[in-house]
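Chemist: Sequence:
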Amino acid sequence: MSNGEISNLKRPVDAAFGSERNEHKSKQSRRKRSKASGPQQDSAQELNSIPTKGHTSPSRNGTLKALQLPNPLQSRSPAENALSATQTRELGGQGPRQHSKKTSRKQKRSLPPEWSISAAEAGRFIDHDPILMQKDRYLILAVRTQVLVYSTQNSRLVRSLRLDEHEKITSYTTCATNENCILVSTYSGLVVKWDWTTGQEIKQWRSSAKLLAISEQSEIQDDTLYPTMLLIHEVTSTTRRVSLATLQDSSVKIITDKVILEENQLTSWIRVLDKRRCLVLYAYNKLFLGQAVRRPEDPASVYTWREIAVPRRITSIDARSHSSSSSTNKKHLAIDIVIGCQDGSILIYDDILFKLINKEKNPREEDIASRRFHWHRNEVLTVKWSLDGNYIISGGHETVMVIWQLDTGQKQFLPHLSAAIQHLTVSDTGSSYALHLADNSVMVLSTSELEPFAYVSSLNLQQPRLYGKKTRRIQAILHHTDPTSLLLAVAADIPSGTASQGKATLLQTYDIGAQQQSHRQALVRNNITALNVDPSGKPVQEPDVTHLKISHDGKWLATVDDWDPPADDLKTLYPAHDDHTPHAKETFLKFWAMNTSTRSWELVTKIECPHSTRSTAPCSILDLEANPQRTEFATILSDGSIYIWTAKSRHRNGLPVKDKSGSPLYTWSHTHTVQLLIPLKKITPTASALCYSLDGSVLAVSSNKSAFVHFVDPLTGNVQHTQHGSHPGLFSYLTFLNHHLITISKDLRVYNTVSGDLLYALAFNSSLSGVHLAANQLDQTFAVVCLLPAIMSKEKEDKAKLKSQIMLFNLKSASPIFRRIVDGTVETILPLPSESGYLIINDEAEIVYLRQPGSSLAKRNDVELPALEDAPKRMDLEEIIGRRSIEGAGPVGHMVSSAEKEDDSAQKMQPIGYTHKTQSSLSDVFNNHATNLPVRELFEQVVAVLRGGSEA
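Start counting the sequence shown at 1; every next residue gets the next number (UniProt numbering).
Hints are computed from structural coordinates only; laboratory data are not their basis. Warning: the hint list may mix true and false statements.
The calculated DSSO-like cross-link candidates involving lysine-lysine, where the alpha carbons are at most 27 angstroms apart (straight line), are [as the list claims (entries may be wrong)]:
(1) LYS286 x LYS253
(2) LYS193 x LYS258
(3) LYS193 x LYS286
(4) LYS286 x LYS258
(5) LYS705 x LYS658
(6) LYS330 x LYS253
(7) LYS275 x LYS411
(8) LYS210 x LYS801
(9) LYS801 x LYS812
(10) LYS275 x LYS210
(11) LYS210 x LYS135
(12) LYS411 x LYS585
(13) LYS361 x LYS331
(14) LYS258 x LYS275
(15) LYS168 x LYS193
(16) LYS705 x LYS555
(17) LYS168 x LYS253
(18) LYS660 x LYS705
(19) LYS746 x LYS658
(20) LYS705 x LYS746
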């Protein structure tokens, strides 16, 4: 709806349940309104004033505005007139009421506490090498606004150094004068000095430049030790500048002494060697070596730069300096450089600075040659020198760390890591490696045994995506019985800088209290450690988990995954001139059971290509929902049919089938099928929404090809009621708040499903691709998130600055009780299951909370972190990573395919509430109809009693 147009509801809105009762109420309400005199209060006055006929008033921030109802009301039925009158009253159709100052003060005192958004937690580790400190006892990492200190003894967070929420950390380094201090730079030009052992901020400096990297050295002036910085800052989107600067305690400004290099395509990587006598930088396929020609302590030092063209694009680099002897036995400073290339090769330049100088003196000298090693199939993401210079360590997309022995050429491998290796750090002691993996985790392992002893993992979400491209929503839920567990469907490997969206193949369980991953397992087949290219060299496509829900008791998990075959394969099998093109997409609906002993999900039932009775062609599952009161799931397919799924225990010969531990086995199947009317194939829905009521007795359904919301009884499978609730061609988001239904399509509407009234409606002017809707039953509020239009920066860069608006409503007023515009996009918003408030995940993989003062969440960021100390033990790899087998069969997870044919006479289904009595003695076994038991079942019960030591 445009801003210059009077909003109008053109279609009648039916009452939800019981039109006769609503008609009687509407007559009474009309009589009361006809007797009343004077203007009515405008409940949406804060949001927007209602425009009169022929005039309009723009909405605040261009997102919401109150809807004006059509007039006159006589053209509608009595029930519709009552509904319209109710809506007009709620939106203040007769103007605002005048209040005295005394009344306003009373109302101001009675206002509820204001809501607020907490500081960010978790986050994506920045593109930077990890730092190991104090003999590898502590690991220092950084996210967008925080520097995090972890103990490698137990992988726990012990310190958090937080910046302002609008800052963005670009680099961090240790101080040359004090190992207990670190320097942190931000993109806005801020440099902060922290004592990471105490969490105390020591000093801040500000620069007008956009800082990308810093590196500190010390200098002595007038018998005073001053830190000297090398700064890399951004001039334009393609040009970088390297400067010398001095940080002084008496000034808050960074004093830039001299610009020493400016180059296009220069990266933010810099290595300072031999007390700043030599600098190493690179850009694309160029290597830059800077040699100081004066004293390095002099701020006005001049560098002589030498440039080397590398035959391939540089993707990673490392440099080291050491003392060496020439052919004349004269000692000199030797610079060795190792380069990882885009084609997977590794180049080593030994003593390159000395060779360059000799080449300048004697042009007839041979060209500088490099040693070449090649094992990686793809680009080398990281490469490092060992402490003694006898080895190099490399990593890439193969999830394998390779250790190269330079003298012999032998290789040692550490394979089958959880993701690609993006960064690698060799500790100062040489006894540990720190690996930053592409799944947003960091692993610390010993160099001697290559055994991991610390593991840190944050939310494994994809990188921020470009504006305007079609994206899918992340699948995330909070565990109903364990509120600290956040379950997400995540990709296995997401290298930084990639524009493609990774397929969600893994289930990550994240502990929001400990801010650490507690478990991870595969939901579909994936190619994490396998060769993931086909014979033609194209990547092998993985299935994608599109839906994820958990049952009300937390014991069952339902997932949906799709797989599309490559288009080239379909062209080969089905030429373009063929009239019939089959549906090649594979869709699987899977049900998982929680194994309490291993704390992992085990596959119970796998249903291949669920389809309706009207067509044998497979259909996509558009939405999945869990019943909040009983063990039940509902799915809606692209053909408009709805399936209700329940679990039943497996029986054979009248007896329950049990696993080795004695627990019954279950199978999931659909008990009801609801066929919604879709007359034409051309209007087949491509997006649909399901939502259960609070008591689980009603299932609301909407689609983007219909203007109706259907109410289904899940126990009988009958459509109980249908009403207008959305706009044709637009997708409607649904949620229940108590007995109220909230819908969002072209506008936001709140219905009372008991009385049939429309409480209020607000026009919704935003892109539906960025809308999120959630309701919290404990505080009786619902939250709406929308994506605001992109704002281009002043420099007219390619990247647009995205912003999202978060609004919180209650059922009493059409005006939002909370509104905030935040940077970036919101990936999902979830109601907290056991307390008031909401959990929000943004595109930086950060978690923030929308809450009220005084709640338990309000104290979450105020808790003091423990002092730095050693933990009593180290954790093994299985404990800290929590990796499990894919779709494994276990005691609970006996996998049963829906295509498996079973004899109905030999095996019957029993509802999930049925339990089988366990015999406690041999007398119980033989006295309870033992002659009717199969021999194998009788033998198992006897053995079970004898194992328990109870014999009659």
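Chemist: Which hints, by number, does the structure contradict?
Modeler: 1, 3, 5, 6, 7, 9, 11, 12, 16, 18 and 19
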